[in-house]
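Hints are included, so try docking the two chains, each in its own frame, into the full complex.
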Amino acid sequence: MKRRVFFGGLARVAAVLGLGGLAGRLAQSAQAAHTVWQIDPWKCTSCGKCATECVLELSAVKCVQFYDICGYCDFCTGYFEPQPNKLNTGAENQLCPTGAIVRKFIEDPYYEYSINEPLCVGCAKCVKGCTLFGNGSFHLQIRHDRCLNCNECSIAKACPVQAISRVPAGKPYLFKTLEGRK
Amino acid sequence: MTAAPINQRFPPPQFTETGHQLPHMTAPPPRAGALDYLDIVVLCICLALATWLVLRRRARREVVLLSLFSLLYFGFWRNGCVCAIGSIQNLTQALFDSTYAVPVTVLAFGVLPLVFALFFGRVFCAAVCPHGAFQDVMLLKPVRLPVWLEHGLRLLAYVYLGLAVVFAATGGGYIICRFDPFVQIFRLTGSLTMILTGVIFLLLSMFIGRPYCRFLCPYGVLLGLAGSVSRWRARITPDKCTQCRRCQDACPFNAINKVTPKAQQIDPTPEDKRRLAIRCALLPLVIVSGLWLGGLSGDSLAKAHPTVALAERVHLEDAGAVPGATDASVAFRAEGTAPEKLFAEAHALVARYVLAGRLCGVWVGLVVGLKLIALAWRPRRPEYETDAVRCVACARCFDFCPQEHKRRQGKNGVLD
Chain A
1 MKRRVFFGGL ARVAAVLGLG GLAGRLAQSA QAAHTVWQID PWKCTSCGKC
51 ATECVLELSA VKCVQFYDIC GYCDFCTGYF EPQPNKLNTG AENQLCPTGA
101 IVRKFIEDPY YEYSINEPLC VGCAKCVKGC TLFGNGSFHL QIRHDRCLNC
151 NECSIAKACP VQAISRVPAG KPYLFKTLEG RK
Chain B
1001 MTAAPINQRF PPPQFTETGH QLPHMTAPPP RAGALDYLDI VVLCICLALA
1051 TWLVLRRRAR REVVLLSLFS LLYFGFWRNG CVCAIGSIQN LTQALFDSTY
1101 AVPVTVLAFG VLPLVFALFF GRVFCAAVCP HGAFQDVMLL KPVRLPVWLE
1151 HGLRLLAYVY LGLAVVFAAT GGGYIICRFD PFVQIFRLTG SLTMILTGVI
1201 FLLLSMFIGR PYCRFLCPYG VLLGLAGSVS RWRARITPDK CTQCRRCQDA
1251 CPFNAINKVT PKAQQIDPTP EDKRRLAIRC ALLPLVIVSG LWLGGLSGDS
1301 LAKAHPTVAL AERVHLEDAG AVPGATDASV AFRAEGTAPE KLFAEAHALV
1351 ARYVLAGRLC GVWVGLVVGL KLIALAWRPR RPEYETDAVR CVACARCFDF
1401 CPQEHKRRQG KNGVLD
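Chains A and B supply the protein sequences, listed in that same order.
Take this note's numbering: the last position of the first sequence gets the number 182, and nothing is skipped along the way.
Take this note's numbering: the last position of the second sequence gets the number 1416, and nothing is skipped along the way.
Possibly wrong hints are sitting among the right ones.
Stretch-level coverage of chain A by chain B, calculated; a stretch enters the list once three of its residues show a Cβ under 8 angstroms from a Cβ in chain B [said to hold, decoys possible]: (1) 59 to 66; (2) 99 to 105; (3) 131 to 145; (4) 161 to 171.
Since the hints were derived computationally from the structure, they do not count as laboratory data.
Glycine residues also receive a C-beta, built at the ideal position from the N, C-alpha and C atoms.
For reference, chain B alone in the conformation it holds in the complex (with noise of 0.2 angstroms):
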């Protein structure tokens, strides 16, 4: 930009008479930047706790102490932000945007929660994220929710993580943070919608287990991933199960599996393994019909970016579709851009929304596409055991084992 002169339509005044002495602005310092140090420090120090609470003292009572620690910490302490929720935005934005430099603070979030667990399973939705921390305390009373209902909104956080990445990667803004529930409670003030939601989201879960955790957030779709390939994750009981089954009672978010009954625990029958075939085959149609319908979306998903909205706002004003002018495109047209220059911007961005709705619908297809072969298999559990994507390390079913119970007699609690 060229430099400008400053408007002097006014000279300022010398001051002859009285030598009055000009004030100065006042500039009150930002955070200092140690505290966001701290914060790093903070989170490792609360996931190694989390990870011995859950793994090693195998004890609800601290987890749900650590858990209110951090909602206090993290959530109306430090306003909710930043979290490891909205951080996988700004690593898409980092890798997609390079004029983009992450700051260091919200890798750590992103980055320290999945490598713990890819170690020791979801500890840090158990005691670590706020967001979690304030549904499982609501928690009064759950239902058992239908298991197609259950699968099928479980979905739900696959397309969510799907799109927030479309968004933060085409520079269309971060959906995660805008349509979060909980922080606008951490920060006792916000828009009216937005904490109305958030108020049903924890009336919902004082009946639905961790609503938001389970069927919409989108780092919980990673930690799961993570966590079902980790290594020394939360098991209900590392004597032998007796199958009594109080565990699956006990936890509220549909995370334990059932022991496949005697009678089942046979060899694939020819139906099932015509099924399973169905199913495989079913995958590349459902990939394809993601990718197609991705596509599709990609004209309207782009309207979320302000230059395509720009775009469309000075075309249909100069077309006299519309009447008056925004200030958007007052101020565009103040500055005397050529309006040929912000649509071909416009097109450009319209393909790469398209292509990115293109990808996300694939990703879509797959997730839906394996969960369909994974219902058709038949799975053969010799004991109850959580389930390695949907546990979040709640320690809830250890105090309702009874096997638990009986070795804590023994051994003062502690496991070796």
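Isolated chain A (complex conformation) (with noise of 0.2 angstroms):
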């Protein structure tokens, strides 16, 4: 028996140096500021599982748009459907499956579009339409309010370009922006 408790000792010592060994090396390259997923708008191809892969019944993904780059067009191929019966805001006009873009006048022949964030389903179909035809404002990203950051994330797991990564915390958003792909 004592030869057992002895063995089991020395088991021990050598896991825990392990374990140490183990833990002091990861912790080198470990980090300490958390991570967060976020979609790459400009690897986006707009496919539409973002919509449909996340843990979540409504997902996290939402559509944002960067005002700064909207040209406000009249027919935004983001908010319409290809060939419209009218440029107006009937539903039967409208590309968005929720309704969940607001179209508002400015000035003639301004129109600006913004997301009802909660009616979005992050489809992507009027970002494919704003970005094929139009000057892409229209761009997927993780809203963090919804995001469970889990572990691995279902839909970066299921996107075709790869374009869902972690990214740190303290800058959550890969919005677009003015100077365009880094």
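Structure, rendered in structure tokens:
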């Protein structure tokens, strides 16, 4: 029995040392600042998986509007169906399946488009329309008031172009900027 | 990447007429980093409290209360993320991928329960792990599984650990997180399949004590190994065992080893020795077959990696074997990278998977071989004792021990 206790102790010391060594080695590269998931809007192909792959029933990904590069177009290709009957707010003319985009007249011929976030499901239909034919001011971002920051982001796993990665929590958004793609 | 100008197909207006001011994008902040450190503090307090409750207070009721708190805090409040079980993958990835830096919280969640297990046994499982707590509170009427089934199913956890490490080390993703049965229930949202799996596990937990912990949990494997050399783990009774067997009947997890009957407390017979020798000779054989099978599975394991999957898809599309294109292959072609480069990358990855599969096979072979040897061993146990690997320190057996009751009456319940 004594021999067993001795070898048990030996194994324990070895395990503590091994675990300490491993933790020390990992702690060297470990980051104190925590990170969050975010979409690189320049990589995003607006495939629409963000709306369906998130673990949340209503995805943490939403469309955001970068007003500085928006053309304020009357015929907004992110707002309207490809061949709308009329350029008005009629539901049959809208591209957004949930009517989450608000169209507001500013001055002739300019209209402002903003996202009603609680309605947005992150389907990226508007993003696709705006990026293909417009200035690309609509883009997707993970909203951190909703994101659960899962250990493995299930959208990142499903993203066809690996546009989702971890970014420092101090700068949690990768909004489009006036300088364009970095 | 080169700087590309943003689209300016329609120059933004100046609004000279109305002087309209552009609104700003809102940016709701993520959860404060300080709260992550709070999680570490709560983990430390819970671990210390669990140790004290199990080893000193020896009180099942308090252990249940603490495990309910853990279920609410780490489970439903923190949505089951970060957890110690999944942290294995982050630690593995950090070891194999130099560009990945493991967050401090994950490091703490991965290492601290193991350190506690090395000294005090699996107190983490007893009252800190929300997964364990969830199954434990569901337990209604435990059914004793046949011994062969118990031993066989427990091997699954070792295989699962091996696979999780393989995928985390090669960039194939975190399978423990993806196939976690309870995290969807903690979040109260998720895919139907996984929620149903969770419900099935919870229903099973009513009759089979902690099915996930015993038969699947990869972290439980590590904790069990650490617990097997622990200094002060939970003992059924510090007093003299009267061999009433009530503790063994009370344990729903088959974690109490029974007394060797007097008639069997003999020196190994020649037949015992022969059996042991055969099993020992079998060990290298089992390991080699593990190596071989692991190598064979490398190809199919590699398909979990997005690069390999994309390469295969592109190859099939080029050969005209599949119609259409996927989002990934369209994006790949739009990028303009030569397919040969992708194929070379995929080939290197497959080679890594074959190597990792072999190592995983060796691990599983080693576990199976050692298990066979251990089963051939004739134990000589003078009294009932908790199994160092399997005991999750739930403190049930204490309450069932008549010696414990005697002592509690004398000393106000506190053990010295």
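Results of checking the hints against the structure:
no., hint, in the structure
1, 59 to 66, "holds (count 3)"
2, 99 to 105, "violated (count 0)"
3, 131 to 145, "holds (count 8)"
4, 161 to 171, "holds (count 3)"
In this structure, the one hint that does not hold is number 2.
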